[in-house]
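**Q** Can you build the whole structure from these sequences, using the hints too?
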Amino acid sequence: MEKRLQTGLLIALTAAQYLIPASAIAQQPDSATVSLSEVVVTGSNQAVRRNLLPYTVTTVDHATLNATGTSEVLTAISGMVPSLFVTQRNILGFGVSNGGAGHIKMRGVGGDRASAVLMMVDGQPQFAGIYSHHVADFYTKEYVDKVEVLRGPGSVLYGSNAMAGVINVITRQTQTHGFSASLTSQYGSYNTTQNSLTATARHGKLSALASVNFDRTDGTVKNFDFSQWEGYAKISYRINHAWKTAASVTLSNFTGNDPIYPKLSNPESTDIYHQNITRSDVALSASNNYANTTGNIQAYYSWGNHYIDDPRHFHSLDDRLGLLAYQNITPWTEAQMTSGFDFNTYSGHIPVSGGNQHKPGSMSTISRKRITEYSPYLTLSQNLANRLLTVNAGLRMANSDKFGSQWIPQGGAAVNLPNGYTLKGSVAMGYRNPSFRELYLYKMANPDLKPEKMTNYEFSVIKNFGHTASLDLTLYYSHGTNMIQVVDMKNVNTGRFTNKGIELSGRLNPTGNVRISASYSYLHTSLHDLTGAPRHQYYIGINWLPIKKLDIGADIKGISRLFVADNQPLESFAIANIKAEYKLFKQLTLMLRLENITDARYEINRGYRMPGFTTIGGFRLSLSTNR
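Heads up, the final residue of the sequence shown is numbered 626 in numbering that gives the first Met the number 0, and it's a clean run with no missing numbers.
Quick caveat, the hints were computed from the structure, so don't treat them as lab data. Every residue gets a Cβ at the ideal spot worked out from N, C-alpha and C, and that includes glycine. One should not assume that every hint holds.
As the list claims (entries may be wrong) - Computed Cβ-Cβ distance ranges for the label pairs, DEER-style: (1) K585 <-> L320: 42 to 50 Å; (2) H273 <-> A392: 27 to 35 Å; (3) K262 <-> L470: 30 to 38 Å; (4) N566 <-> T510: 49 to 57 Å.
Stated by the list, open to error - In silico lysine-lysine, DSS-like type, Cα no more than 30 Å apart, as pairs: (5) K489 <-> K368; (6) K585 <-> K547; (7) K556 <-> K145; (8) K449 <-> K368.
**A** Here you go:
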């Protein structure tokens, strides 16, 4: 009880800190506002900033997402962002198959059972509970303003599950007064349908966004169909020139069949695994933006209900309650300090599994498990030599009632050279607590697991050629300890791993109606059986507007030396896609996308043959009274 009171007091004091008027925190003239090299808008899309120097960050705006022609955010950015790879399941994209679809890896870290890449929506963590997963297809571009991808350990700013990186989906913010709505409907191969209705409104100090999405497909093989729907709503209110509040809610459901997974262990099996997954998220936030200080405080709650109708009749429930707060201030000239605090308590249990009582070493009914984490952190950046050099350091104290305390440091520097060159270097620690799945689920469960740790070193060279072109080269070296792997059907901390690689990305705008982007990544790992982590990965995309009403896009995603499973050759393939949009008149746009036009045959997950040439097309109807 005493420990809970201490934790509650700490939370209350920390929250109060962020509600103090900015004038009481820092009294600096406007001229003292800093201009640090890599300060990226993030969090709740309320012009609130966290200092991301010297992290390597890729920002994908809505125009770039739309140029791909695909509706799923993770489909669009996988491969487009260097070293980011997301495993897929079926024609719609990722799903939640038992075969491992929807696993996210960054620089070879993450994926199966390891929640090392943190998904966020407007700064709200999406990780929760027993399965600790989310349906990857639910991140649709219709209500997304941009996506920020932090490559490399983000544990100082974002905590445990950001050991490999962070993907923050930032939703649209209505900028104009009035009402607008768009209806998108598409139909394609395998009786695939994708439908979305999105509306925005703004009146005075009040703005709102709502979106409903529904997708379904028959799948590429018999009894492989699935459907999903999602509803998202956000409302914002500007209290005054400095303060703004927001509330959001998400409700989503995935229903699908999987006839393939049972055959992986028994080729003669005729079983069909049915899955029904429902998830919900709510969040409340308040942000401030004064002359030289910004901040945000956010409370959120997420809930999940998972049914997997297999021979074990698996059913799990999970939830997560969290509070995060941070404030950026200017403590002295040419400096920026970010202080923050995170609190999370998440739990899960399995009320039904096989109809048997729990037995040690088996997966059956599992009583509710709960873990509570709280972590203060601080980062400081300083401009030197007339802003030629910027140095940064950060420190988080991660506390868990199960795994104890851990100091997580980070530091780096950026040099701004003449002629558009920037040099960046950093050292950062990544940290991940074992998930409920690793601790308590299935026969490989091990409640004595220790947290994974990783240290990452990286160096970047950035060259900007004005508004027409840019080039970014990053070299990294990571080594970790206590990596969790399955050995003799049991989760154990196996020791060390080393990943090192090269990341190259660039953009070119030769004319006003042509945009070209490209990326390449190389990964060398000490783990010889690492799935979902290709040795080579490249992307080339082009978007062309030959006339005002016509938008044409094409892209190629290439993969080389992808390990899928034992006794299978390494996969190497290239996928070429083409999309076209034609604005028939102001309110109506026709759309067509051709995927895998060369009909390449390949697998990403063992046993799950990916679709060949497919098509999908439809229309977008838009109405607006904005002014």
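**Q** Run every hint past the structure and note whether it holds.
**A** Hints and how they fare:
no., hint, result
1, K585 <-> L320: 42 to 50 Å, "holds, 46 Å"
2, H273 <-> A392: 27 to 35 Å, "violated, 51 Å"
3, K262 <-> L470: 30 to 38 Å, "violated, 46 Å"
4, N566 <-> T510: 49 to 57 Å, "holds, 50 Å"
5, K489 <-> K368, "holds, 20 Å"
6, K585 <-> K547, "holds, 11 Å"
7, K556 <-> K145, "holds, 21 Å"
8, K449 <-> K368, "holds, 17 Å"
The structure does not agree with the numbered hints 2 and 3 stated previously, though it agrees with the rest.
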